[in-house]
Amino acid sequence: MISWFKHNNYPEFWKQYSKEFKQKQPKNIENTRFVVFDTETTGLDIANDRILSIGAIGIYNNIIDVYDGFEIYLKQDAFKAETVEIHGILKEGKLTKISEAEAMENFIAYLGNSVLVAHHTAFDIEMINAALKRLKLPKLKNKTIDTGILYKKLEGKKDAHFNLDVLCKEFNIPKHDRHTAAGDAFITALLFLKIISKLKKERNLHYSDLFRVSGKEGLM
Amino acid sequence: MKNTIAERIYDFLKNFPPFDVLEKDQLFKIASNVKVTYIEKDNFVFKQDENPHEYFYVVKDGAIGLYRSMDHEQILVDICDEGDIFGLRPLIQNDLYLMSAKANEESILYAVSVEILKEIIETNDKVKKFLIASFSSNIKTPYAKGTNGQLFANIEMLQTSNTSFMEIQSAEFSKKPITTLKTSTIKEAAQIMSEKRVGSILIVENRNPIGIITDKDLRSKIATGLVSIDESVTAIMSSPVKTFKQKITVAEAQIAMIKNKITHLCITKDGTNKTELIGVMSEHDIVVLHGNNPSLLIKKAYRAKDVNALKFIREKASDLLQGYIEQDIPITFISKIISEINEAITIKTIELSLEEMDKKPPVKFGWIALGSQGRKEQLLMTDQDNALVFEDVSLEKYQPTKQYFLQLSKKITEKLNVIGFEYCPADMMANNPKWCLSLTEWKNQFDTWIKSPTEDAIMMCTIFFDYDLVYGEKKLVNAMSDSIYESIKSFEIFLNFLGRNALRNPPPIGFFRQFLVENDGAHKDQFDLKSRALMPLVDAARLLTLSHNIKDKNNTVSRYKKLMKIEPKNQDLYLSCIDSFNILLQFRTQQGLKNNDSGRYVDLNNLNKFEKLKLKGCFKPIRDVQELLNIRYNLAQMM
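Heads up: the protein sequence lines correspond to chains A and B, in order. Residue 220 is where the first sequence ends in our numbering, and the numbering goes up by one at each step. Residue 859 is where the second sequence ends in our numbering, and the numbering goes up by one at each step.
Think of the hints as simulated: they come from the structure by calculation, not from any bench. Treat the hints with care, since some could be wrong.
In silico DSSO-like links for lysine-lysine, alpha-carbon gap of 27 Å or less [to be verified]: (1) B:K584 - B:K663; (2) B:K536 - B:K789; (3) A:K175 - B:K280; (4) A:K157 - B:K261; (5) B:K782 - B:K663; (6) A:K169 - B:K261.
Residues of chain B placed beyond 10 Å of chain A at every Cβ, according to the derived structure [to be verified]: (7) T224; (8) S320; (9) Q411; (10) E425; (11) T495; (12) A529; (13) L574; (14) K617; (15) K695.
The beta carbon of each residue, even a glycine, is placed where N, CA and C say it ideally should be.
Use the sequences and the hints to build the structure in full.
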């Protein structure tokens, strides 16, 4: 058992993580490190399902850096056989697996103060937050961008709502390794770059625009 | 730790040169350090004259156009699509970008760190060779200032060729070795051997060779009564066996036999005795092979008693050619050997024909090879193109003399046809009265062609100007050459006509860097390697040497070499022409051997990326030398 479980005091990595948000954050797209991530889970129930794996990749200055990648697989206590079909992650597979606590520590250290990007972020963030909660830790502090919402900021897409597969098709992104966390993170990263690029072409895109939920204000 | 993304990039890169020749861990290192960028249509990756990035680029999806700006205009030089590399040369040569790279459609690029590549170049020779070769194709100015032609495609130069002809031949071996299991008795094995008429039998276990029994074992161990014939083969087999890889050369095989005092070598899949047996090579195979070395073939040709012997030699020469091409022996070396063998065969054919004639030739004559044979660039069995010149005779003697030589020529061409040099479909052979002429007739003929350069006349010149005396009187041929230069001197505009002809085939690549293929006919959609790539280089070399009054240079490579000396300012261009010519000739020969035809037409769909790249690399010098002709002979005005 790791010691910080017992203490009210947060563990060192979390203190380090929190500190990064006290500094001044970058305010433009080029200077921001985006981390595009995806989780594969045992199901959609945030309270009872668990994270099977996390895949992520960093983007800086509009470049996806493969070296800045993250890929982990989690040990499972509760194992749901029916989800294996989609993700292909067996309970006792060949992959090296780590505990949820270790996974969160690694992931938090990897994230730092980067801006989190995911397709339909809400679910993935909630899954992470639930895991953090089990470790008696607060929620993630990072800013987040949902590529699904970002897409809606494009001209004529205001009311569109699409899953990753449909958007891959529209944006001509090959769907390799779909339904692995890392594969989906990479696909989402490409999608993110393409949407940003399109938005830039349509208008003078500001950093703050990325985080606005509504498509109406200041965008037309 | 698992790295799905890097694995995916690895899987993509491994399909394209030079990544395909990297070691697995080398490529994985590259893949896990790739940076992925997305470029919107019409955006630039880099611009001309910028400092180089730390990365070079591989196109993952989309298309990147390389542009060179000249007088405020952007000229599209190349389009890179999936798997193409660009932006590498400036990194290696610490130079500015010579071109701008702009996305012609939205593209995803993999940026690869040059530092990692540099590390790999140090240790991986194949990559180095690829890069050197690709500088000619991906980098559009192989003879730009500073490079001095050094980086031009010239893989041959990297290979030493000072080994003697025979030792580097790959050795032939029997691919269906006779085998038996170790459970067999000696008697059973001996029965198989006599049934199959072989001097050795291999003992295999799970298809791997574990031992061998030869005639000698039967003699020394069985016939002497030492071992009973009912015992297992394992009692007398020699074990373990010496195993080698398929690509063993004659020299290696010989050394192995002498060193181990054995007469048979086993060829296995990976060269060890732990893999499947695929053949056995005996001392006898080597002896047979000795009969297949070029100097011996030439000797044999001179000693040949009849046409069949010559035919056999020509076939042996084809085998030799195949072996050379497979082993990437420099093409200049190969063409030299093959032309020498062809020449020896032709000379012997002429001698045999002369013997058959009732009387000796009435006057001196010369037998002339034309076209590719005349240029000593004939590798595959192509048509025969030849002509005959005889000394001037008095009017009354002319008819019988001509008749004599026509009859002789008929014998020669018939024999050559039997040997394997097919008749020329255009009848450009010495048995055609038009091409069996006296010296004065030839002089007049050339003069007519030069002074009334119709399209036909020009075409004749391109064939007849590349002649080479094979047999007979050298003086006659020298006199012909002199008269050609005299005629040209008095009618210099002929060179412009010849120039126009040299440009009749446009550069082999279309605006969008697509290969120009045939539009119709039997070879629709195939690339005509001969007329689109080889002939433009041959034609340009001929024209340029004629304009400089160079005699005795009837071979394309030696013509360019001579031109390099005369025009030092164009040295790099001519050097790249030589390289291109050699690569193209080798390529044509490979294609010809592969498809068992003249190798002239290439189906582009059957080429891999590397081959296409290699071909494309040869086109740049073609375009440049054509441009030079265009300017020098004011051809734009004539077109």
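**Study point:** Holds or violated: K157 of chain A to K261 of chain B, with C-alpha atoms at most 27 Å apart
**Key:** holds, 21 Å
Exercise for review: Check the non-interface label on K695 of chain B: least C-beta distance to chain A beyond 10 Å or not.
Suggested key: Its Cβ never comes within 10 Å of chain A, the nearest being 71 Å, so this holds.
Check your understanding: Are the Cα atoms of K169 of chain A and K261 of chain B separated by 27 Å or less?
Key -> Roughly 18 Å separates the two Cα atoms, so the pair holds.
Check your understanding: Does the no-contact call for K617 of chain B survive, Cβ to all of chain A over 10 Å?
Key -> Holds, because the least Cβ-Cβ distance between K617 of chain B and chain A comes to about 82 Å, which exceeds 10 Å.
Review point. In terms of Cβ atoms, is chain A entirely out of 10 Å range of S320 of chain B?
Key: holds, 19 Å
**Study point:** Interface exclusion of T495 of chain B relative to chain A, criterion Cβ beyond 10 Å
**Key:** The assertion about T495 of chain B holds, with a minimum of 28 Å to chain A.
Review point. Is K175 of chain A within 27 Å of K280 of chain B, Cα to Cα?
Key: Within the cut-off at roughly 14 Å; holds.
Check your understanding: When you look at the beta carbon of A529 of chain B, is every beta carbon of chain A farther off than 10 Å?
Key -> holds, 62 Å
**Study point:** Satisfaction of hint between K663 of chain B and K584 of chain B, Cα-Cα up to 27 Å
**Key:** holds, 17 Å
Point to revise | Agreement of K536 of chain B and K789 of chain B with the hint, judged by alpha carbon distance not exceeding 27 Å | key: Violated. K536 of chain B to K789 of chain B sits at ~44 Å, over the 27 Å cutoff.
Check your understanding: Any Cβ of chain A at or closer than 10 Å to E425 of chain B, or is the non-interface label fine?
Key -> holds, 33 Å
Point to revise | Given as non-interface: Q411 of chain B, partner chain A, CB spacing beyond 10 Å | key: The assertion about Q411 of chain B holds, with a minimum of 52 Å to chain A.
Figure legend: structure checked against the earlier numbered hints; hints not met, in rising order: 2, 7.
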